[in-house]
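Given chain S, put chain Z in place with the hints provided.
Order-wise, the sequence lines are chains S and Z.
The opening residue of the first sequence carries number 15 in the numbering used here; numbering runs sequentially from there.
The opening residue of the second sequence carries number 2 in the numbering used here; numbering runs sequentially from there.
Honestly, I wouldn't trust all of these hints.
To be verified - Lysine-lysine pairs mimicking BS3-like chemistry, simulated, CA-CA at most 27 Å apart:
#1 Z:388 with S:176
#2 Z:700 with S:139
#3 Z:595 with Z:388
#4 S:139 with Z:388
#5 Z:606 with Z:642
#6 Z:830 with Z:700
#7 S:218 with Z:830
#8 S:139 with Z:606
#9 S:139 with Z:61
#10 S:90 with Z:33
#11 Z:518 with S:139
#12 Z:113 with Z:606
These are computed hints drawn from the structure, not numbers from a lab.
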Amino acid sequence: MQYGFVIDQTRCIGCHACTVACKAENDVPIGNFRTSVKYTELGQFPDVRRHFAVLRCNQCSDAPCVTICPVNALEKRPDGIVDVDRDACIGCRACMQACPYDALYLNDDLGAVEKCHFCAHRIEKGLEPACVVVCPVQAIIPGDLDDPNSKPAQIIADNDTKVRRPEQGTGPNVHYLGADDVSLNPGHASRPPTYLWSDRPPHKGESWPASVPTVLDATTTLDVGHRVEWGWAVSLYLLTKSIAAGAAMLAPFAAAFGMTGFAASYLPEILALVLLAVTCFLLVEDLARPMLFYRLLTMPNWNSWLVRGGIILGVFGLLISFGIVLRVLHLQTAANAFRLLSAVTASAVAGYTAFLFAQCKGRDLWESPLLLPHLLAQATLCGSVCFLPFAASSLALKLVVVISIVAHLLLSLVERFRAQPTENAKQAAGFLSTVTLGPLSAFRDGLIISVIVSLVLIFILPEAVFVPALFGLYLYEHAYIRAAQLPPLS
Amino acid sequence: MPYDFSITPLESFPPIDQWDDWVEYDAAAWPKKVQKRYMLVPTTCFNCEAACGLVAYIDKDTMQVRKLEGNPHHPGSRGRTCAKGPATINQINDPQRILYPLKRVGPRGSGKFERTTWDEVLDTFAAKIHKALLQDRRNEIMYHVGRPGADGYMDRVLQSWGIDGHNSHTNVCSSSARLGYALWSGADRPSPDHANAKFILLLSAHLETGHYFNPHAQRIIDAKSQGAKICAIDVRLSNTASMADYWLAPWPGTEAMLLLAFAHVILQEGLFDRSFLEQWVNWRDFLRAQCPEVEPTFDRFIDELKKHYAYATPEAAEAECGIDAELIRTIAREIGAAGSALATHIWRNAAAGNLGGWQIARCLQLLVVLTGAVGAKGGTCLNTDNKFVPAPFLKPPPQNIWNELLYPLEYPLAHHELSYLLPHFLEEGRGKIAVYFTRVYNPLWTNPDGMMWHRMLTDESKIELHAALTPTWNETAQYADYVLPMGVGAERHDLMSCETHAAKWISFRQPVLRVAKQRLGEEVQFTYQANPGEVWEEDEFWIELSWRIDPDGSLGIRKFYESPYRPGEKITVDEYYQWIFENSVPGLPEEAAKHDLTPLQYMRKFGAFLVAEDVYESYRAELPAEARQDSQTQPDGTITKNGKSIGVIADGQPRVGFNTPSRRLELHSKTLVDWKWPEQVLPGYIVSHIHRKHMDRDKGEYVLIPTFRLPTLIHTRSANAKWLYELSNTNPVWLHPQDAERLGLQTTDLLRVTTRSGHFVNKVWVTEGMRPGVIACSHHLGRWRLSDDVGTDRWASAKVVKEELSPGVVRFRRVENIQPFASADPDSKRIWWTDGGVHQNLTFPVQPDPVSGMHCWHQRVTIKPAEPDDHYGDVVVDTNKSMDIYREWLAMTRPAPGPDNLRRPLWLARAVRPSPKAYRVE
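Next comes chain S alone, as it looks inside the complex (with noise of 0.2 Å):
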């Protein structure tokens, strides 16, 4: 059984009863929609036209927002709808980077997501959903897509129907009739700065990259906004862990690259633990209901790599601390072996993210393969850099800073401008080149100060070079985390 909607564009009228409809139901909070209508204009006077399109949650098939759910808040129920329990949200938002299209929001009152559940709780009295009953026109039809006489199912099976991005392989199980491709695809109309009789929401302000060229003569005119849901606390945690990560995958050649006494049997493993206090504290700070973090260990997810991640980092804190402690003890092989198993698991902490970004199916700028060895190769870059004030003099060190900072270079360049494989990808792309942070480019001054600054300074000042090295990787990874949450998805 599959409950889902074919939406007929042929007949809504975009009058809205179905966004207050459900407002009403649901209580909704102000700012946010479970259900809206997208309004995208098309063409010259006289021959224009306005096309509405009713955007909402796809209860998909395979849905990307239970996958990456830690505490199982999401569920895919028996009948198709997915579902979220709010009592078991922790509130970190990953459902909302995982969910091609914009379907969740965040109660703040609660701390908790909400979505579109096809009114679950009238469903099972029988009724149809809010959206539904009050539609002037009947365009909304309900009904159970995997039975072929149902009326959406006929609909469906009878016409040349659409699906909202069909290229993330979610199965979405609303299907539109007669919606017009630039209605339904993000980011092929412009966004002016206000809409026809709406503020544009005051989010996701940056300008549209000029290197994304829209659809002549299409215009979004109005349209519900959304949130940026990471933020510096994002961009920080990746900093912070890959430093930890870094410390920890280069601690075995600390003796190598002429490092002594305290510096060499300590200063990588407290680096690392302190490193990853601070990923802690930032990953559980940025939930919306921080008290609540030790679900992920009582209510696991095993499929999402936000449970895994977190079961990566608590392993290496454990290596780590092992470490230190059989150091103390003057066990110093054991302490080296531990060393070595600790940088194999730094690796992983440095690279989980990668598979947990690739759970994130609407943020396409993060699903790149090339993600994986540009988070290793930014972990050795944090690593190494830290290491330099201990050991400015080993050019094994500095090779290692000067490899690590070209190939974050190339990574980062390649990202920016290779042929993107979605249009998503593309946008986000594009994004990179407009999001700033204070005065600077994040993007642009990210890369200059980190690799321009630090290569020049790596000749001068060896020991200062993780200033402009790390404060440029975080100016990098505001870029990032936020480019890739900039390009619509409705």
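Using the frame of chain S, we list chain Z on its own:
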């Protein structure tokens, strides 16, 4: 967690037998299965005039309204609503709503009010009205209504007082369209049978707004799905136009010419309905007047008609309207092919915008007549066919006085009161008002020349006592002496009927909490006892007030408020409707009995009743034998009695025909000849005041279309609906890219729009959905308030300061955008929109059409980029020009009296019709 899939297929609504105790899962607790028990009570939406059915879900634990859905038992809306229906819950729960009667304590407009008692209110007004009636100052009492939302109740109240005091908003709304329709048939509105139409021609936006948006949209789209073609004529790209097969955006003001070109093609190509025309059009009158010398044959009539409209070729229309001649031919042929299945509608649109707008409606109806679509299945019926207003008990006699502040001699054919000229009339010394009720009416904001309203409302010698009856704050209420909170759609009684389709129905608005409590066996005597705070309903207010005006019956008023069931005692609102349902609604008592209910119980349970279905061709109804007694049949088939025509012979049968002097459809309007407009005797083309020949584009002159509405707002009554404001909160000026380029402007750049009496500063919206050379600005937005705690709701209003720049020149300048605020509703802290739009109507001078009296909304304006000192939202008005421009338009009138020393043709409808005696100029 267990799932319950036993219930399939899905139903749309809870079955009515469970409405007293409907169990639903709490959406807020979901997926925890918390059962909530509701009582479902039907009512009628009050957010536009369509009277769609709603059902309130009342939580039986808290006795609060949880939500409102559509009422499946409502014949017009069929269980569905637009966005405004479910938004009613916002209005009920609005944290800023007025809960108690307020009395002004500072000077008018100072924003200082204190809570008072309803007793004090009623006694104050009763005493003042009593005195005015005793002193025969009956024309000093005025009730001024914005949204009626009821049929007949107030007519009865006002006539029971013996006053001619009903003022309305109609002349800023639909008067021109109404006059155009009325001249044809006596019925002032169309009732298109969209569901069965083959061609739908709209000079309206009924897929998004207007009377009756939701019921009409349902049926238009049903027809579209069945293959009907839709043509929308609208200067800007509406949602309706977007769904149409043809969108025509002619030069504004040339619409009549376009319609006549359709008629031209239909006549030339013989696509008209010959037998219908021969039978039902007063073509003999036409021939008699046009060419009295010829033999009056129908063929001759057709020849002469072709000759008369020979000028309206598609090519001539192309030159005039800017619409391709071939396209005009194509559409005309499609109209002809649809035959009598031609559904059409004009409501505001061009009729409300242009000088001579009433002729546009008349030209549209010409197409309906030519195709024989009048009253036909799939055609265009008359509102009188499909609207059913049941009579109340003891109807008062018509008043025997005439109020010239409402219907002045200058406007004998004005279809409704010259409402928006009231301040100008008072300024001229035509009278004063002792007691003024504004009811769900915001003239200061809505009407043109709002500063004249400001002047009037703040002058205690012109308006001695002013009560604003309103569910929510508005700009006008800020200037009232009393602000009296009245219930929203779920908190009051009203009875309504609308011509939504080829049927007749009534819909009952109910105070849902009162009804719920009564169902639970609680004694509720008055609606305010169940409503929030001390929010009253008007029905009870008028009963109480009337009772106190005439406590001993000496004024002859009291008897109309005595119970028909308990002689001598004061009527209750239950009894008022009980009597109507028992005595005036055919079929209702029988239907109720089938359900084992009294008629009142039936209406309380179902909320609506279908009086008749498939109502077509009412004009063909047989003239009753009783009426035919002592009548004569004239050679042309007209049946007359006592010198008055009462029917016609058609198909050999005596039939009632149309409610016109000729009992036929009046192509030739003798009324217009008699009342000094002989050049307009036929449907024709009047060159609008904003015709492009009047424009100098090089000087930056443009036409401003300020009338269009949005699907998600309600005139000036959405400010208390957060979910509607979240969707629609700005009204930028629409400008075609060519014009934007010419001015060097882009979307969001500031533009100064200068009218004849002021200017406003708004931002630009560059769009292909606008004809080059024309600009447009939606009319709902730009709400303002002068202080923080009084005035229009903060969901919607910007705070402004009013400054006098020089004598008579006033500027409103925004000092605070819309911003989040603290309230009992956590959503008020989440407001993310800031704009709220710009108030344009303040800068419009009055432009009364000399015939219909309709304010001609379209403006000739000059546009240019904003000047350095201009701020977004600035509104500057030179009030010194108001009266001059008023007089300029007034000079175009051709005043009464007409034939027989009449103020107005007796046959033409008039709101709250006085006795015939009052029609004569003394």
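Results of checking the hints against the structure:
Using a Cα cut-off of 27 Å, the hinted pair residue 388 (chain Z) and residue 176 (chain S) is violated, with the two alpha carbons roughly 43 Å apart. In summary, the hint linking residue 700 (chain Z) to residue 139 (chain S) is not supported, as the alpha carbons are separated by about 65 Å, beyond the 27 Å threshold. About 25 Å separates the Cα atoms of residue 595 (chain Z) and residue 388 (chain Z), which keeps this hinted pair within 27 Å; it holds. Our distance criterion of 27 Å between C-alpha atoms is broken by residue 139 (chain S) and residue 388 (chain Z), whose separation comes to about 37 Å.
For the proposed pair residue 606 (chain Z) and residue 642 (chain Z), the alpha carbon gap of about 46 Å is over 27 Å, so the pair is violated. Straight-line distance between C-alpha atoms of residue 830 (chain Z) and residue 700 (chain Z) comes to about 46 Å, which puts the hinted pair past the 27 Å bound. Between residue 218 (chain S) and residue 830 (chain Z) the alpha-carbon distance is near 21 Å, which keeps this suggested pair within the 27 Å criterion. A threshold of 27 Å between alpha carbons decides the hint, and for residue 139 (chain S) with residue 606 (chain Z) the separation of about 22 Å falls inside it, so the pair holds.
Between residue 139 (chain S) and residue 61 (chain Z) the CA atoms are separated by roughly 18 Å; this keeps the pair inside 27 Å, and the hint holds. About 16 Å separates the Cα atoms of residue 90 (chain S) and residue 33 (chain Z), which keeps this hinted pair within 27 Å; it holds. For the proposed pair residue 518 (chain Z) and residue 139 (chain S), the alpha carbon gap of about 26 Å is at most 27 Å, so the pair holds. Distance hint between residue 113 (chain Z) and residue 606 (chain Z) is unfulfilled; the C-alpha atoms sit about 43 Å from each other, more than 27 Å.
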